[in-house]
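Colleague: The residues making up each chain are set out below.
Number of protein chains: 2
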Amino acid sequence: MRIGIVGYGNIGRGVEAAVTQAADMELVAVFTRRDPASITTASGAPVIAYDEIVSMKSDIDVLIICGGSATDLPWMTPELAANFNVIDSFDNHANIPQHFANVNTAAFKSGKVGIISCGWDPGYFSLARILADSALPDGDSYTFWGRGVSQGHSDAIRRIEGVKDARQYTVPIEAAVEKVRNNEHPEFTARDMHLRECWVVAEDGADKAAIEEAIKTMPNYFEPYDTTVEFISQEELGEKHGGLPHGGSVIRSGRTGNNYEFNNTVEFTLNLDSNPYFTGSILACAARAAFRMYEEGQCGAKTLFDVPPAYLSHHSREELLAHML
Amino acid sequence: MRIGIVGYGNIGRGVEAAVTQAADMELVAVFTRRDPASITTASGAPVIAYDEIVSMKSDIDVLIICGGSATDLPWMTPELAANFNVIDSFDNHANIPQHFANVNTAAFKSGKVGIISCGWDPGYFSLARILADSALPDGDSYTFWGRGVSQGHSDAIRRIEGVKDARQYTVPIEAAVEKVRNNEHPEFTARDMHLRECWVVAEDGADKAAIEEAIKTMPNYFEPYDTTVEFISQEELGEKHGGLPHGGSVIRSGRTGNNYEFNNTVEFTLNLDSNPYFTGSILACAARAAFRMYEEGQCGAKTLFDVPPAYLSHHSREELLAHML
Numbered sequence: 162m163r164i165g166i167v168g169y170g171n172i173g174r175g176v177e178a179a180v181t182q183a184a185d186m187e188l189v190a191v192f193t194r195r196d197p198a199s200i201t202t203a204s205g206a207p208v209i210a211y212d213e214i215v216s217m218k219s220d221i222d223v224l225i226i227c228g229g230s231a232t233d234l235p236w237m238t239p240e241l242a243a244n245f246n247v248i249d250s251f252d253n254h255a256n257i258p259q260h261f262a263n264v265n266t267a268a269f270k271s272g273k274v275g276i277i278s279c280g281w282d283p284g285y286f287s288l289a290r291i292l293a294d295s296a297l298p299d300g301d302s303y304t305f306w307g308r309g310v311s312q313g314h315s316d317a318i319r320r321i322e323g324v325k326d327a328r329q330y331t332v333p334i335e336a337a338v339e340k341v342r343n344n345e346h347p348e349f350t351a352r353d354m355h356l357r358e359c360w361v362v363a364e365d366g367a368d369k370a371a372i373e374e375a376i377k378t379m380p381n382y383f384e385p386y387d388t389t390v391e392f393i394s395q396e397e398l399g400e401k402h403g404g405l406p407h408g409g410s411v412i413r414s415g416r417t418g419n420n421y422e423f424n425n426t427v428e429f430t431l432n433l434d435s436n437p438y439f440t441g442s443i444l445a446c447a448a449r450a451a452f453r454m455y456e457e458g459q460c461g462a463k464t465l466f467d468v469p470p471a472y473l474s475h476h477s478r479e480e481l482l483a484h485m486l
Numbered sequence: 162m163r164i165g166i167v168g169y170g171n172i173g174r175g176v177e178a179a180v181t182q183a184a185d186m187e188l189v190a191v192f193t194r195r196d197p198a199s200i201t202t203a204s205g206a207p208v209i210a211y212d213e214i215v216s217m218k219s220d221i222d223v224l225i226i227c228g229g230s231a232t233d234l235p236w237m238t239p240e241l242a243a244n245f246n247v248i249d250s251f252d253n254h255a256n257i258p259q260h261f262a263n264v265n266t267a268a269f270k271s272g273k274v275g276i277i278s279c280g281w282d283p284g285y286f287s288l289a290r291i292l293a294d295s296a297l298p299d300g301d302s303y304t305f306w307g308r309g310v311s312q313g314h315s316d317a318i319r320r321i322e323g324v325k326d327a328r329q330y331t332v333p334i335e336a337a338v339e340k341v342r343n344n345e346h347p348e349f350t351a352r353d354m355h356l357r358e359c360w361v362v363a364e365d366g367a368d369k370a371a372i373e374e375a376i377k378t379m380p381n382y383f384e385p386y387d388t389t390v391e392f393i394s395q396e397e398l399g400e401k402h403g404g405l406p407h408g409g410s411v412i413r414s415g416r417t418g419n420n421y422e423f424n425n426t427v428e429f430t431l432n433l434d435s436n437p438y439f440t441g442s443i444l445a446c447a448a449r450a451a452f453r454m455y456e457e458g459q460c461g462a463k464t465l466f467d468v469p470p471a472y473l474s475h476h477s478r479e480e481l482l483a484h485m486l
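Protein chains in written order, with my numbering: chain A, 162 to 486; chain B, 162 to 486.
FYI, nobody ran anything at the bench for these hints, they're computed from the structure.
For clarity, every value in this text was computed on a predicted model and none was experimentally measured.
Misleading hints may appear alongside valid ones.
Since copy identity is lost for identical chains, a pair holds within one copy or between any two.
As the list claims (entries may be wrong) - Listed next, the in silico SDA-like pairs over lysine to any residue satisfying Cα-Cα at most 25 Å (straight line):
1. 401 - 345
2. 340 - 404
3. 340 - 430
4. 340 - 183
5. 325 - 402
6. 401 - 421
7. 369 - 380
8. 340 - 189
9. 270 - 205
10. 270 - 216
11. 270 - 479
12. 401 - 343
13. 340 - 306
14. 377 - 399
15. 270 - 478
If we strip away everything but chain A, and leave its shape as in the complex, we get (with noise of 0.2 Å):
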């Protein structure tokens, strides 16, 4: 199938590999509201300017959206949907139901297929949350991130005054999760579950206790949690802390049994060297989905939910009977 990207940051990039390195797959083009000519693809795949992505149309089975959450995706992946099939990795989970809406109602009128939300978290965690929930419905369920670098808290970070540069961990609790494992269905704050730690390299001169505090009571970001911050040079933030590892667990504790005797728990956890490849391999997965479901005639929006597992694989329906069932 004929893939292009949308979009060449740091998740782009990620599907740029998983789907050159995929066999059913071909990369046709990058796909970019910046220069054209400011851009190289590792691949060596054409970069297009996105205004004339429309051109294109029967060139590309499905486009894969790499923009942001916040300010791209409300509004391009429904535009796109209006002349391709498509998938992005949306991931502001309270405006789930209005983006859903917003792209099958683009893609209903195309008859294309867009599959939102094919990330991570949203994504493979959505499914080990709905397989642990059927299994389970007694039951409860937790997510836990990291450890894992967050980019809007860094992000959050380099805003405040004096500071240089910043990368911020997300990291679980242990006690937290073994309470959960334990089956003692704890209720937690947002304290109980993760803590923040920050590496934060300062600019010359600049009152670093004042940013210790403005990082420590910032609303929301980190002032709900325990949170801890170091300064660093830039060369060390560089070697220890340049990379975008990520993860985290979805953990279900449910009862079965005649009298809801028998605890059990349903674990599914990711340990990620890079966010943003893993990502993009997951996107990869479901552009071969929506392909498939659009060329059985199926159109508007779906999510990971309304995807066959058996879509996503590159394995024949053969080789998953024999092999991985």
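Here the structure of chain A is known, so what remains is to put chain B in place on it, guided by the hints.
Modeller: Below, chain B without anything else, positioned relative to chain A:
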């Protein structure tokens, strides 16, 4: 939806609990090849002779078949698929393609849906394998079982002369699990991955040394593993080893990145106080999916690979989008 259960062993009881606890399901009857008068169900559901099952055709939306994979399911699932939507937990991995083909022929002819192999392995573990494999095509998958009771291995010990009763635990070797988690991509023998722990009640005057030797040298079952054998009283076996706990982990370690430079692990772990009640719970939600697929006009044999995860859930699409994605 109106559910029938075929067979009232451990798994049948597990299905009964899950079905009677589901607000959208009604348990119509349990069917048995034993004397119906000899069985009293936990829920009070009527028990009907297997031979009368076809006469109930119009009263049942989905039959959940809870027979054994060795001798019951190979003929029973295709036979019943001629008249009913059916679910089973067929778990003889090597014979799955043949069983699938047999059920497919029958279900296509009748216009019914038959979802096979809906336990946790095959079943939910299979879903973990396909999701992990799809996102990380370059990698290796490993399945660890336990710590948990293997009924097949317990039965094998019971067949040894001088053995009154026995329980066998399959135990994953933690060092092997850690190697996989550390992205070492190990090549394992059976002995590297699991221990077999046996608790045996000997008959009075039995030759314990001979029993231990017979266990440890039993081909396929125990010879390929490091096996421990402990002799205990029937009372102690009942007290300490009376349950049927099980579980395990599917772990895939795979690489992403333009040069496959990033390591990642995807891990799915179950910890079950009761293997048959959890299996019964999955069978129940698979029945929900089968009925929905049948209602939309599908037919033939399916596996969980073919089921959109939303079909397993009792939640509405709106609830799923708002709270679970």
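Colleague: State whether the alpha carbon distance between residue 270 and residue 479 is at most 25 Å within one copy, between copies, both, or neither.
Modeller: Only across copies: residue 270 and residue 479 sit 21 Å apart there, 35 Å inside one copy, limit 25 Å.
Colleague: Checking residue 270 and residue 205: alpha-carbon separation at most 25 Å within a copy, between copies, both or neither?
Modeller: neither (34 Å within a copy, 51 Å between copies)
Colleague: Taking 25 Å as the upper bound on the Cα-Cα distance, should residue 401 and residue 345 be classified as within, between, both, or neither?
Modeller: Answer is between; shortest inter-copy Cα gap is 22 Å, intra-copy 37 Å.
Colleague: Could you place residue 340 and residue 306 in one of the four classes (within, between, both, neither) given a Cα distance threshold of 25 Å?
Modeller: For residue 340 and residue 306, the Cα distance is within 25 Å both inside one copy (16 Å) and across copies (23 Å).
Colleague: Is the C-alpha distance from residue 340 to residue 189 at most 25 Å within one copy, between copies, in both cases, or in neither?
Modeller: neither (49 Å within a copy, 39 Å between copies)
Colleague: I want to check one pair: residue 270 and residue 478. Are their C-alpha atoms no more than 25 Å apart within a copy, between two copies, both, or neither?
Modeller: between (32 Å within a copy, 21 Å between copies)
Colleague: How would you label the pair residue 340, residue 404 (within, between, both, or neither) given a Cα cut-off of 25 Å?
Modeller: The answer is between: 23 Å across copies meets 25 Å, while 30 Å in one copy does not.
Colleague: Given identical chains, is residue 270 near residue 216, meaning Cα to Cα at most 25 Å, within a copy, between copies, both, or neither?
Modeller: Answer is within; shortest intra-copy Cα gap is 19 Å, inter-copy 47 Å.
Colleague: Cα distance capped at 25 Å. Does residue 325 pair with residue 402 within a copy, between copies, both, or neither?
Modeller: within (15 Å within a copy, 61 Å between copies)
Colleague: Should residue 340 paired with residue 183 be assigned to within, between, both, or neither, using CA atoms and 25 Å as the limit?
Modeller: neither (41 Å within a copy, 27 Å between copies)
Colleague: My question is about residue 340 and residue 430: at a cut-off of 25 Å on alpha-carbon distance, are they close within one copy, between copies, both, or neither?
Modeller: both (16 Å within a copy, 16 Å between copies)
Colleague: One pair to classify: residue 369 and residue 380, alpha carbons no more than 25 Å apart. Within, between, both, or neither?
Modeller: within (19 Å within a copy, 68 Å between copies)
Violated hints, in rising order: 4, 8, 9; the structure is consistent with all others.
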